[in-house]
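With chain A held as given, fit chain B onto it using these hints.
Just so you know, the sequences run in chain order A and B.
Mapped onto numbering that gives the first Met the number 0, the consecutive letters of the first sequence carry residue numbers 0 to 412.
Mapped onto numbering that gives the first Met the number 0, the consecutive letters of the second sequence carry residue numbers 0 to 412.
Please keep in mind that the hints were generated in silico from the structure rather than gathered at the bench.
You can trust all of the hints, since none of them are fake.
So the derived label-pair ranges between C-beta atoms look like this:
(1) B:Ser-288 to A:Asn-298: 31 to 37 angstroms
(2) A:Lys-345 to B:Leu-225: 47 to 53 angstroms
(3) B:Met-80 to A:Asn-298: 29 to 35 angstroms
(4) A:Tyr-204 to B:Arg-398: 54 to 60 angstroms
Quick caveat: nothing in here was measured; it's all calculated off a predicted structure.
C-beta: ideal position from N, C-alpha, C; glycine also.
Protein chains: 2
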Amino acid sequence: MSSGITFDPYASFYSSSSHHLRSSEIRDLMSAGGRGDVISFAGGLPFTESLPAGEVSDAMLQVLKESHAEALQYCETEGRMPLKRALIKVMASEGITAEENHILITTGSQQALDLLARIFIDPSDSIVVEGPTYVGALSAFRAAMPNFTTIPLDHMGMDVDILSRELKNGLKPKFAYVVPNFHNPAGVTMSAPRRKRLIELAEEYDFLIIEDNPYGLLRFDGEPLLPIVALEKTRVVYLGTLSKIVSPGIRIGWVNAPLPIIDRLAILKQSADLCSSSLNQMFAERLISRDLWKKNINNLKPIYKSRKDAMIRSLEKHFPSECRWTNPEGGLFIWVTLPEYLDTTKMLPLAIESGVAFVPGVAFFADGSGANMMRLNFSFPTEPQISEGIMRLGKVVEREISLYHSLGLNNSH
Amino acid sequence: MSSGITFDPYASFYSSSSHHLRSSEIRDLMSAGGRGDVISFAGGLPFTESLPAGEVSDAMLQVLKESHAEALQYCETEGRMPLKRALIKVMASEGITAEENHILITTGSQQALDLLARIFIDPSDSIVVEGPTYVGALSAFRAAMPNFTTIPLDHMGMDVDILSRELKNGLKPKFAYVVPNFHNPAGVTMSAPRRKRLIELAEEYDFLIIEDNPYGLLRFDGEPLLPIVALEKTRVVYLGTLSKIVSPGIRIGWVNAPLPIIDRLAILKQSADLCSSSLNQMFAERLISRDLWKKNINNLKPIYKSRKDAMIRSLEKHFPSECRWTNPEGGLFIWVTLPEYLDTTKMLPLAIESGVAFVPGVAFFADGSGANMMRLNFSFPTEPQISEGIMRLGKVVEREISLYHSLGLNNSH
Numbered sequence: 000m001s002s003g004i005t006f007d008p009y010a011s012f013y014s015s016s017s018h019h020l021r022s023s024e025i026r027d028l029m030s031a032g033g034r035g036d037v038i039s040f041a042g043g044l045p046f047t048e049s050l051p052a053g054e055v056s057d058a059m060l061q062v063l064k065e066s067h068a069e070a071l072q073y074c075e076t077e078g079r080m081p082l083k084r085a086l087i088k089v090m091a092s093e094g095i096t097a098e099e100n101h102i103l104i105t106t107g108s109q110q111a112l113d114l115l116a117r118i119f120i121d122p123s124d125s126i127v128v129e130g131p132t133y134v135g136a137l138s139a140f141r142a143a144m145p146n147f148t149t150i151p152l153d154h155m156g157m158d159v160d161i162l163s164r165e166l167k168n169g170l171k172p173k174f175a176y177v178v179p180n181f182h183n184p185a186g187v188t189m190s191a192p193r194r195k196r197l198i199e200l201a202e203e204y205d206f207l208i209i210e211d212n213p214y215g216l217l218r219f220d221g222e223p224l225l226p227i228v229a230l231e232k233t234r235v236v237y238l239g240t241l242s243k244i245v246s247p248g249i250r251i252g253w254v255n256a257p258l259p260i261i262d263r264l265a266i267l268k269q270s271a272d273l274c275s276s277s278l279n280q281m282f283a284e285r286l287i288s289r290d291l292w293k294k295n296i297n298n299l300k301p302i303y304k305s306r307k308d309a310m311i312r313s314l315e316k317h318f319p320s321e322c323r324w325t326n327p328e329g330g331l332f333i334w335v336t337l338p339e340y341l342d343t344t345k346m347l348p349l350a351i352e353s354g355v356a357f358v359p360g361v362a363f364f365a366d367g368s369g370a371n372m373m374r375l376n377f378s379f380p381t382e383p384q385i386s387e388g389i390m391r392l393g394k395v396v397e398r399e400i401s402l403y404h405s406l407g408l409n410n411s412h
Numbered sequence: 000m001s002s003g004i005t006f007d008p009y010a011s012f013y014s015s016s017s018h019h020l021r022s023s024e025i026r027d028l029m030s031a032g033g034r035g036d037v038i039s040f041a042g043g044l045p046f047t048e049s050l051p052a053g054e055v056s057d058a059m060l061q062v063l064k065e066s067h068a069e070a071l072q073y074c075e076t077e078g079r080m081p082l083k084r085a086l087i088k089v090m091a092s093e094g095i096t097a098e099e100n101h102i103l104i105t106t107g108s109q110q111a112l113d114l115l116a117r118i119f120i121d122p123s124d125s126i127v128v129e130g131p132t133y134v135g136a137l138s139a140f141r142a143a144m145p146n147f148t149t150i151p152l153d154h155m156g157m158d159v160d161i162l163s164r165e166l167k168n169g170l171k172p173k174f175a176y177v178v179p180n181f182h183n184p185a186g187v188t189m190s191a192p193r194r195k196r197l198i199e200l201a202e203e204y205d206f207l208i209i210e211d212n213p214y215g216l217l218r219f220d221g222e223p224l225l226p227i228v229a230l231e232k233t234r235v236v237y238l239g240t241l242s243k244i245v246s247p248g249i250r251i252g253w254v255n256a257p258l259p260i261i262d263r264l265a266i267l268k269q270s271a272d273l274c275s276s277s278l279n280q281m282f283a284e285r286l287i288s289r290d291l292w293k294k295n296i297n298n299l300k301p302i303y304k305s306r307k308d309a310m311i312r313s314l315e316k317h318f319p320s321e322c323r324w325t326n327p328e329g330g331l332f333i334w335v336t337l338p339e340y341l342d343t344t345k346m347l348p349l350a351i352e353s354g355v356a357f358v359p360g361v362a363f364f365a366d367g368s369g370a371n372m373m374r375l376n377f378s379f380p381t382e383p384q385i386s387e388g389i390m391r392l393g394k395v396v397e398r399e400i401s402l403y404h405s406l407g408l409n410n411s412h
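Isolated chain A (complex conformation) (with noise of 0.2 angstroms):
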């Protein structure tokens, strides 16, 4: 949007901050992928479609006949605690132990990232992200213009040989921001010895993990690993979110994390938004306490396992040899990685032009690589839609493939 504009003239009101702003790729690419001809791998968007319309309404009918001037009303900044009872379930289905007063109920876990941010970053302090990271949380952490040193990802997450020589180098982050599980954009799960040595690192070095856990639930393949912050509370700021395994349309996020941190987020989400809806953190509360998450996540986890498979099978079936992608075993994305010489920025108007998106590299990356990477999403296309833009994707990299070896021809005149 902000593009078009060629004179602002509010700029001299601005301030210096807001100068880093800018325009995602994702945001504008979600306007190009809502066109109706193209087919959008572009977005981040669970199947809301998996939920029961009746449970669902009978469970807000229940919210709005047993206290609706209570659910219309203002509640608590740091959430209410029939939802934070509900949500230490939650958390336990996974391994996690934790307590009601180290819960901050968030306006999505997106909120989190943007208070975490601020409470945690001055300008140029340090702070490690993986390499790729979720674009979200690039962009909070961004506002407050710290320096990322990036520490690459490989099949088993984040490689922490690769941090633990920079911290004997130097290096003193504030925290290290981590998706263990089926990453985003990755697809990648870290494994327990690395989720152990990061706690260590973090130890020796004094720094604290941000563990970021939206789609640990959504396994479907493999055996689940423990959360890191089931094994080192005090280090570490677990966020959660229901906004993919529930609904992302009710904006309900929380941070489990040691008492002093979680009393200064409420302090300044209180200026941020007062508190998240007490209307969507009802109906939240009641969702789960009727296990209505649980049989969501059984129903999307066959969905998703078989739009994973059919997207695995048509990038074998229409990429060319050259390229490689992750096979994740839960989750939304696969990562996709083409010849270097390949830069999927400037290929995306023309995928867009053969009707299918994605979202290219460099969004997710805090040190500009990424060039010749892009991310898909499975969870929301459906199977016939996924082999159908799979392969109008692998005819566009074809094309700049050969394209890129005629130039080559040429050029070695």
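Relative to chain A, chain B alone:
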């Protein structure tokens, strides 16, 4: 809460700006006011029981029946178009003309204040606020560390002559933040000539006006005045909210502003919480299109008027003659000024002990004044609670006055 923590092992991790955070008096009080035996005039709660449970449930059921998958999904960061169209109708009822793309839906108007602080304020930038002003605006602005200039209010709102003098003397504010209708906390309304004069000053000295109008439609006496934004669009950032006319529990506010400002706010909002609840947006849109907001306003006005009258009568009956108070024509609050030698912050624990709560005046001033003032809310307590509570409070005030005089006599020995 924080006050209970003597040592914080995480202190070294916090950003310097986060050290400016402090638990607001309101916040601490809300928990005190939550005690069953305390009659609280401290909150700012609308009377949500006025909303007809059946019609509310019907509207929600309709949303979930027609489009539950959409309501439970993410939506555009800027907010849903049908809600924007509905809000244009709400604004039109106050004489404002607006267009969809000039509107950004926010998670309550508190989020708008937070986003505005971040896009406009650099540390040490000058901004103008009223004295007193809305405490939530103060905390949102404070996080960006501006230099506040406090312009006093009288019964006709912000004293624009004083502002004019400050501007002549070289003050160069980024913006002036005003609550023109039934001011929170002061209860006063800015006169039409002052609204015009403020616009002239903004043009002459090149600053913006943030017009915060949560209560404008809750006028129970006198004739409505045109909002500032209805007189001048290019310099005014207008904040609206459904919190006081429909429900704060759905967290729906909005900004109406020039396009470049909306664009910038939207980019920041994306990293703050991605989008506001789709469910609540669709619900709100339905409530507005069914005219439930009009019905609710019509329900609320006589209730608020008669509670306000009851509070004024009780103040006249139970408060010493040295005290003064405002007599608002709408809104939720009465502002009380005690003799200058009294300190309402010190008085508060005594009041709570006597079973009544209020917000001390200092909370509402950027410049530390207001020690002898207090804010009383009349929208939430019932009339019997109001007369009992004001009687209790009157006794506390009386006791403090006699204590002062007796100490004064002692001191003069």
